[in-house]
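Protein chains in written order, with the numbering used here: chain A, 514 to 916; chain B, 149 to 404.
It is possible that part of the hints are untrue.
Claimed, not checked - Cut-off 25 Å, straight-line C-alpha distance, at most; resulting in silico cross-link-like pairs (DSS-like, lysine-lysine):
no., chain 1, residue 1, chain 2, residue 2
1, B, K337, B, K362
2, B, K215, B, K227
3, A, K660, B, K227
4, B, K224, B, K269
5, A, K660, B, K224
These are calculated hints, taken from the structure and not from any lab test.
Every value quoted in this text rests on a predicted model; they were computed, and no experiment measured them.
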Amino acid sequence: MARRLHAMTAQRRRWMLTALLALALAFPFFAQQFGNSWVRIMDSALLYIMLALGLNIVVGFAGLLDLGYIAFYAIGAYMAGLFASPQFADVLESFVEQYPALGDAMSTLLGPAVVQNGIHLSIWLIVPLAALVAALFGALLGAPTLKLRGDYLAIVTLGFGEIIRIFLNNLNAPVNITNGPQGINMIDPVSLFGVSLAGAPGSHATVMVGHYGMPSVNAYYYLFLALCIAAIFVSARVQDSRLGRAFIAIREDEVAAKAMGINTRNVKLLAFAMGASFGGVAGAMFGAFQGFVSPESFSLTESIAVLAMVVLGGMGHIPGVVLGGVILAALPEVLRHVVEPLQRSLFGHVVIEAEILRQLLYGLAMVVIMLKRPEGLWPAPRSEDRPTADSDTAGESTDVVPV
Amino acid sequence: MGDILLDISGVGKRFGGLQALTDVSIRIERGQIYGLIGPNGAGKTTFFNVITGLYQPDSGEFRLAGKPYSPSAPHKVAKAGIARTFQNIRLFGDMTALENVMVGRHVRTRQGLLGAILRHKAARAEEAAIRARAMALLDFVGIAPFAQRTARHLSYGDQRRLEIARALATEPQLLALDEPAAGMNATEKLALRELLLRIRDEGKTILLIEHDVKLVMGLCDRITVLDYGRTIAEGPPAEVQKNPAVIEAYLGGGHD
Chain A
514 MARRLHAMTA QRRRWMLTAL LALALAFPFF AQQFGNSWVR IMDSALLYIM
564 LALGLNIVVG FAGLLDLGYI AFYAIGAYMA GLFASPQFAD VLESFVEQYP
614 ALGDAMSTLL GPAVVQNGIH LSIWLIVPLA ALVAALFGAL LGAPTLKLRG
664 DYLAIVTLGF GEIIRIFLNN LNAPVNITNG PQGINMIDPV SLFGVSLAGA
714 PGSHATVMVG HYGMPSVNAY YYLFLALCIA AIFVSARVQD SRLGRAFIAI
764 REDEVAAKAM GINTRNVKLL AFAMGASFGG VAGAMFGAFQ GFVSPESFSL
814 TESIAVLAMV VLGGMGHIPG VVLGGVILAA LPEVLRHVVE PLQRSLFGHV
864 VIEAEILRQL LYGLAMVVIM LKRPEGLWPA PRSEDRPTAD SDTAGESTDV
914 VPV
Chain B
149 MGDILLDISG VGKRFGGLQA LTDVSIRIER GQIYGLIGPN GAGKTTFFNV
199 ITGLYQPDSG EFRLAGKPYS PSAPHKVAKA GIARTFQNIR LFGDMTALEN
249 VMVGRHVRTR QGLLGAILRH KAARAEEAAI RARAMALLDF VGIAPFAQRT
299 ARHLSYGDQR RLEIARALAT EPQLLALDEP AAGMNATEKL ALRELLLRIR
349 DEGKTILLIE HDVKLVMGLC DRITVLDYGR TIAEGPPAEV QKNPAVIEAY
399 LGGGHD
C-alpha cells in the first residue's frame, strides 16, 4: 500500500511541476498587460532565487552559515563589467599612465581593438568565467574558515563580504580597475545566437525571435527562468547523491562525518565553491541585465536578504527556498507598485510610504515566521510525514531481537 | 597464534598537565572480540580517539594488518579500515536511518559532482549499490523496517544499532565500539551481545570499550584493563578477573 501511495504522490508531483512550469512560462504574457515593470520585477526575483539556491547549498545543505554571500554576486557582476564593456580600455589607459612599461606591454599584448573598445566577451564565455572565478573565491573564503563553526564562521564570512565590496569601491587607484564608487557602465546586454536581448537599436527594446517580437524584459525573463531551472536541477540532483549526503552529514554532525571517512575539508570547500558559482552566474546576469554595476548593490543588507530568503523559505528544502526567494524578492516591489496608488485613491494622499511599509512588513514577517514556523514556510517534510516512512510492520518494535 | 590485525604500542597522550595515556599497547588478533575496560577516567575513550585519529598522539606506533597507518585524520583512519561508534550516540539526526548508513558507504565509493549532476550509468549503478548495501546492513542489525524513519526518532537501542550499521558500511577490518551497551536494559544487552557475535562470525574484528564487566567477560576473547592511563592487566577474561591490580582498581583501596 505504501508503494502505491508513493507512486501516486510522484505522479501528483509531476503534475504540479508541469502546471507550475506552464504558469511560469505564461507569466510574462499575462503580466505584460499591466506594464513591463511587472515582468522586470519578476526578472530580478529570478536572480534572487538563483542566489538563494546557491546560498542554500552552503547554508541549507552543508550547514555553513555564510553572511557574505553577496560578494560572489558582486564578483560575477564585475566579471561582466570588466570583460563585456568598454571598461577595459579605461583600465589599460590607467595602467599606461601609472606604470607605462606594464601598461604598454599589456596594450601590445591585448591589441589595439581592446585599447579602443575594451573587452567584449560573449555571454557563453562570461557565464562560465563568472562561475569559475566566483567558485575560486568561494574556496578562498572557505579555506581559512574550515575549522570555524556557527557564530565564528558567520563573522568571518561577513567580513569577507565587506572586504570584497570595499575593494570594488577602492580599486580605482592607483590604477583604475573597477571605476570605484561610480561603478562600471555600458555593460553589453546578453546576446544569444546573434539576438540581443536588449533588442536591436531603435526597436524600442523589442526582441525579435523569428517573426515574433517580445519586450526585452520578457526575453530576459525566459533566460533567467532557464537558468533558475538549471540551478534547481543541479541542486536537486546534488542533494540526492553521495556528495549531497556528505554535505548534509557535515551539517548534522561534523565529527561523525569525519569518522565515517568523509574528507570534510574537501567537501566543505566544494560546498563553498559550488554555492559561490551560482552567485557568480547570477551576478554576471545582473550586470548584463542592468548594463551597470556599482559597489552599493552589494551591501551587507543584500547578503542578509538572501539569507532571509533561505531561512524564511525553509533551509535545505529547494521548493521552500524558491518560495522564499519569490516572496521576499517580489513582494516589496509589488508593494511599491500597489500601496501608494491605493492610498492615493483611498485617502487622496500617501499616508505611509511604500518603503517604510516594506520595512515594517519585512520585520513583522520575520518575527511572525520565526515564532510560528521556525523551520521556514515550506520546510523539508519530516520523514514521519513521508508516505513511504513506515511499512506495515512499523508497529512492532525491533528492540527485542529473538536470540 | 592467528595473524595480528591491530598492533599498537607505546601510545602516549598528554593534555596540558594531565598525562592521559602512558605507554599503552594493544595487540588484537583477527577475528577476536577484544575488550578495553577500566574505571571512569582511565583513558579508554582517549585511547579510542587516538587510534581513530580524533586526537593526535604524542607518541606511539600504529600498525593495521601489518601495514603502518598514521592516525593523523579520522577520515584516513576510516579509509584504512577502522570504523567506530561513539559513546554518546552521534547519528545524523535529520537523515533517515537508510541515509545514515548510505553516508557510511562514502569512503568506499567515488562518484563526485559530475556524477551527481549527470547521473550517468556508472553513477546510477553506484547509487543503487550503495542503497542496496545500506538496506542489507539495516536488515543485518535488525532495523530494516525503520529504514525511512529519521534517525532522531528511533528508539535508543535502535539508534545504537544504526550506529553499528553505519560503521559496518565503511567495510572496516576493525569495528571499534565505544560503550555500545551504555544505557541499555538487560534485554537490549542480550540482543546486542547476539549482534556482536554475528558480526564476528562475518569475519570482523571488534574492539569494545565497555563498562559492563559482565558483558565484557562473557563476550571478549582478550581484555586490556586501563587505569590512570596505564595498562594494568592484559589477557583472557578469566585471568584478568583474578588479577589483584584489576580488583584493586575496580574496588578501590590502593589509590591515595
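Hint check:
Between the alpha carbons of K337(B) and K362(B) the distance comes to roughly 11 Å, so the proposed pair stays at or under 25 Å and holds. Restraint check for K215(B) and K227(B): satisfied, since their Cα atoms lie roughly 13 Å apart, inside the 25 Å limit. For a cut-off of 25 Å, the pair hint linking K660(A) to K227(B) stands: about 22 Å separates their Cα positions. Our distance criterion of 25 Å between C-alpha atoms is broken by K224(B) and K269(B), whose separation comes to about 29 Å.
Distance hint between K660(A) and K224(B) is fulfilled; the C-alpha atoms sit about 18 Å from each other, no more than 25 Å.
In terms of the numbered hints stated before, the structure departs from hint 4 and from no other.
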